[in-house]
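4 protein chains.
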Amino acid sequence: MNGKMKAIVKDKCGAGAVLKEVNIPQINPDDVLIEVQATSICGTDLHIYNWDNWAANRIDPPLVIGHEIAGKIVEVGGRVEGWDVGDYVSIECHKICGRCYQCRTGQAHLCHDYSILGVDFDGVFADYARVPATNLWRNKVTLSPEVASLQDPIGNAVLTTLSQDISTKTVAVMGCGSIGLFSVGIAAAAGAEKVYAIDVNDYRLGIAKKMGAYMTINSRDTDVIDVIMEDTYNEGVDVFLEMSGNETALVNGLKFIKYGGNVALLSVYPNKVSLDLSNDVVFQGLTIRGITGRRMWDTWYKTAALLNSGQLDVSHVITHKFPMERFEEGFVAMNSGESGKVILYP
Amino acid sequence: MNGKMKAIVKDKCGAGAVLKEVNIPQINPDDVLIEVQATSICGTDLHIYNWDNWAANRIDPPLVIGHEIAGKIVEVGGRVEGWDVGDYVSIECHKICGRCYQCRTGQAHLCHDYSILGVDFDGVFADYARVPATNLWRNKVTLSPEVASLQDPIGNAVLTTLSQDISTKTVAVMGCGSIGLFSVGIAAAAGAEKVYAIDVNDYRLGIAKKMGAYMTINSRDTDVIDVIMEDTYNEGVDVFLEMSGNETALVNGLKFIKYGGNVALLSVYPNKVSLDLSNDVVFQGLTIRGITGRRMWDTWYKTAALLNSGQLDVSHVITHKFPMERFEEGFVAMNSGESGKVILYP
Amino acid sequence: MNGKMKAIVKDKCGAGAVLKEVNIPQINPDDVLIEVQATSICGTDLHIYNWDNWAANRIDPPLVIGHEIAGKIVEVGGRVEGWDVGDYVSIECHKICGRCYQCRTGQAHLCHDYSILGVDFDGVFADYARVPATNLWRNKVTLSPEVASLQDPIGNAVLTTLSQDISTKTVAVMGCGSIGLFSVGIAAAAGAEKVYAIDVNDYRLGIAKKMGAYMTINSRDTDVIDVIMEDTYNEGVDVFLEMSGNETALVNGLKFIKYGGNVALLSVYPNKVSLDLSNDVVFQGLTIRGITGRRMWDTWYKTAALLNSGQLDVSHVITHKFPMERFEEGFVAMNSGESGKVILYP
Amino acid sequence: MNGKMKAIVKDKCGAGAVLKEVNIPQINPDDVLIEVQATSICGTDLHIYNWDNWAANRIDPPLVIGHEIAGKIVEVGGRVEGWDVGDYVSIECHKICGRCYQCRTGQAHLCHDYSILGVDFDGVFADYARVPATNLWRNKVTLSPEVASLQDPIGNAVLTTLSQDISTKTVAVMGCGSIGLFSVGIAAAAGAEKVYAIDVNDYRLGIAKKMGAYMTINSRDTDVIDVIMEDTYNEGVDVFLEMSGNETALVNGLKFIKYGGNVALLSVYPNKVSLDLSNDVVFQGLTIRGITGRRMWDTWYKTAALLNSGQLDVSHVITHKFPMERFEEGFVAMNSGESGKVILYP
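Protein chains in written order, with the numbering used here: chain S, 1 to 346; chain U, 1001 to 1346; chain X, 2001 to 2346; chain Z, 3001 to 3346.
Isolated chain S, as found in the complex:
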């Protein structure tokens, strides 16, 4: 398709981004072109917008940013099979090599040689997006574009939460950013006996309550170890999902977990973390899982099942919606801490 479109572009090194007119991308034979219906802002987009150290090292402007999307296929490359114009889709943002050990053994989310849409090549905050057909996911027509665009980050939460045995178990979610909030809802939907949601931000804890938390704890005011140990009859929780990226939070969590319990880490820690491995991990017989990405496509099937069945209602996590022209307001909301997910419409 020829013509112009608007896009949010990181046009130069440094903070900020601009909305500008660019060419509609020309697809290759293995690609499709998607007409964007809704997108959402990821923490990664915020890093790029704010131009932190990670972004400065990784990003090569100019770049159309964004990777969380729902839309309709408007053009199909010549070698693409199984997809048609009009199909309603979202996308997995990791483009994998397909040939390494991990890719060939069902662990493509751990591919050694992957690139990311909106990070390593042009993304989706635009009227149209060019996407490799291998990365497409078919949406049910009953799923709204806003929610459909969230499946990528919900998938992180699904992989983290459902890598644990949840039904009849007590679960603590540490850190109620968007992925933590999704995890609260997923753990509740998967039959956790109790979900404890912990954060330092009452706004987010309020959303956690709506997502199904049995108890919300503001760890700024409260001794979270005391509260959880008392409420679990001094046993501790079965499952501890660490999503705060905060060293103290992690260390505290290892004090309120049950002997033999399970810990999942879906966090980026700004520095090294100092742990009392002997007492907190070895003698407690813990299992700790580092989690990243989404299983292709097992995690997507689970995510879609949770959303299509209505078991997981993420409407409370969508706190802001803007047309793309007002994207600056979206990034302000993201930076404020008083937000969940921010939707941008083309």
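Treat each hint with caution, since some may be false.
Restricting the straight-line Cα-Cα distance to at most 30 Å, the calculated cross-link-like pairs of lysine-lysine (DSS-like) are [as the list claims (entries may be wrong)]:
#1 S:K209 <-> U:K1140
#2 S:K194 <-> U:K1140
#3 Z:K3194 <-> X:K2194
#4 Z:K3209 <-> S:K95
#5 X:K2210 <-> Z:K3209
#6 X:K2140 <-> Z:K3012
In case anyone wonders, no lab produced these hints; they're calculated from the structure.
Dock chains U, X and Z against the given chain S, drawing on the hints supplied.
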């Protein structure tokens, strides 16, 4: 404790039972005596009452029958540690050897040398019951005696259902007797995307709906394979729980299951079952698990968590309540097919 | 590549096959052309050669048969990435759809819509073979072509055997055809405490002994249940691999397995099988897994590791080697029962 | 039994121990008395002998030390069932509560309220030892007392090693103390493709080679990350068993492990450990398991199977044998670093 009590006694070979006065049992040093608050009738009790072939081969009258119970400890044997008069308890009805390979590796429910309360020695349909302390389970005081007495059969359903991966999966429960009905509720509580409940009895299907079935199917009127395959987009269900004891039902279920799916059998089949193993099991890559009993005590913890949290509400399955004097009406209800669980009070 | 080659062709409906000159296949852009170094005869090839009911229903002559192969790439299609002329390869014989639920969740061996090389399209008993690049497996140069050609059937045995917990466990392999013999060796390499090999054919049991069987049992002469129960102190085996396709063999195996044990079925049964599910599966708490194909590519990595490390030595299973011109002798050996694997060289 | 016996006694706070005559212990009704045939010195005994901080805080002299033992029952308490005079036994040294969540769910090795033989009450470095019957393990008569006494520490290695998927996998064992050496042998017996053994002590690496290591690496001379990455084609190992208790060793190991790999920690670290969790655990998708003790009795069954079958030959790890009178030489050997296990005979 000395004195007399009333008890439901299988007093001779043949159908029926009698309510009569017997001695309160004298406890041994490893036993406790429980004052019974509520009991429920198991299918096993019905076999004994009706005096079928199994009962005629196994039961040696006179015998106080019954094994599903909630009550309070009123006397504690001299060697018992950790239990006191006044403790509110239920019991695991399998008395295990404690020394075989299975008992020593966390599989005591598969003990080679076990005996059953109310089958191999006197049971609980009485004012008082003598029970080995090793078989005690402590109830939360907030749990009603009626529901607490059901934890043994609910445990069968918990072991069967939660031996499968349930969250985000489609589940078919074949056979809506009490354990099937519990399984419907457990699968729903554990986050199944959809639970299909199948039976030939509309009364039971009505209860299944209340327990959280997404769809109920009367297989007498309806082609269950067609219905489920259509509703699952021709994929079939992820999990098939066979609880009917009916050969045709099992064979049909193997036709509406997903390639790579999981089957659990918690059924007694009156005869051998003829299966097309090549096409239905090998080429479909199925896993079939035979399930019996309850894990001691993992299953009990899970059962209690489901009940104490309110995630599993079994009130719809309790269809009849009688004082022990009217036990005959209870057995009539059990034989009618138009019943769930029947509670008897001393 | 243009020119002529010799190939073993099923040229018409009915028993037998012919060696004839045919065109070297023209590759498509997603294919490679392999110069064949060694092939081996599968049971499937024997069905086609003998023209049994299955073959008559499935095969559409003329067809180049065969699918077990090792060779070198001599031509690479225009769209193929990651493969070069000279690469030493074997192939997965299942061509999968890549789009169904199973393909997208790491279960491509259970694809709903697959076709098989040498069954549904031309195979490898020829000088050259055209193969989709998606089906290629890279061999270590130190692996002989004969052994490399066996990785497909060894993979069946690897998937079956290593789907069980083997280390420190007792394992019974029922049926010592080639795949049973591989399984004996794999179970021994994976640290089984004891491997019992059972067959009615002393020739094959002799090979089983060389593959590492702790005990070989000819079930024609011996009460296999008695022997195994006595040798396992009346516990039974932990793992029972049913590879005979014989109903009585399966039924017997369910009598010498440990309560809570694991059964794997990699067999085609000519008829329905009648089982005492209540006593043999439910009350014994067994898990039964139907196994088919090879996981792509997890099973191939495991197979290669076993062969490359020398842990699995399959030389005893290779009983016959012929040039392709003498293929008739190969099929005679396969039909005789006095054979393991038969290698054919172009 | 009345009379006197010799025993190694920690008679006062401070380094050292004495061999002295004490009363033969009087058993309680739930105990047995064992005539000791062989014992071995554990690292825990060395801590007590050397009187480090841990010992000073935990031990209350006078105390008969030691807990690794093989011997014959010579007296049986009045309430003990299933054990007889003459039975040849070893013991699990953890005396558990039997009533906590962990004890009741197959995780008794993680009991909250346990005590240890030879640490919290009198142990086994003596002519006779009093032991609770619940802690007995029956030995095959074909197992030598020396090896039978080692089952407790071998059990630690079995639990650590076999908690991982080992067959066809590459395994690195970091730290070749006795438990590391056992782990090398267990990984080899369980079918690891390659076992890398790493230490700073060539004497121990020499033993590791005899235990089945594919490669031994002295990390004092060699860049262990380079060596392992090169030998694994830059993939890293599947399994990393950290048994050194050294922070640098652990951190290095996280650099030579495969994405998606498994780490087990059976170590006591003298201080907190600083980890780059984001890069080394989260983004690599690792699973880390803290391991302590032995599963009762699953680990014992596996340990016995490895020893009784001859798959695990620990004779190379037994480097010293002394009569109890020369126990001082045993502790000198243990402190020297130039030793494996030291046997003491009464």
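**Asked** Taking each numbered hint in turn, which are not upheld by the structure, reported in ascending numerical order?
**Response** 4 and 6
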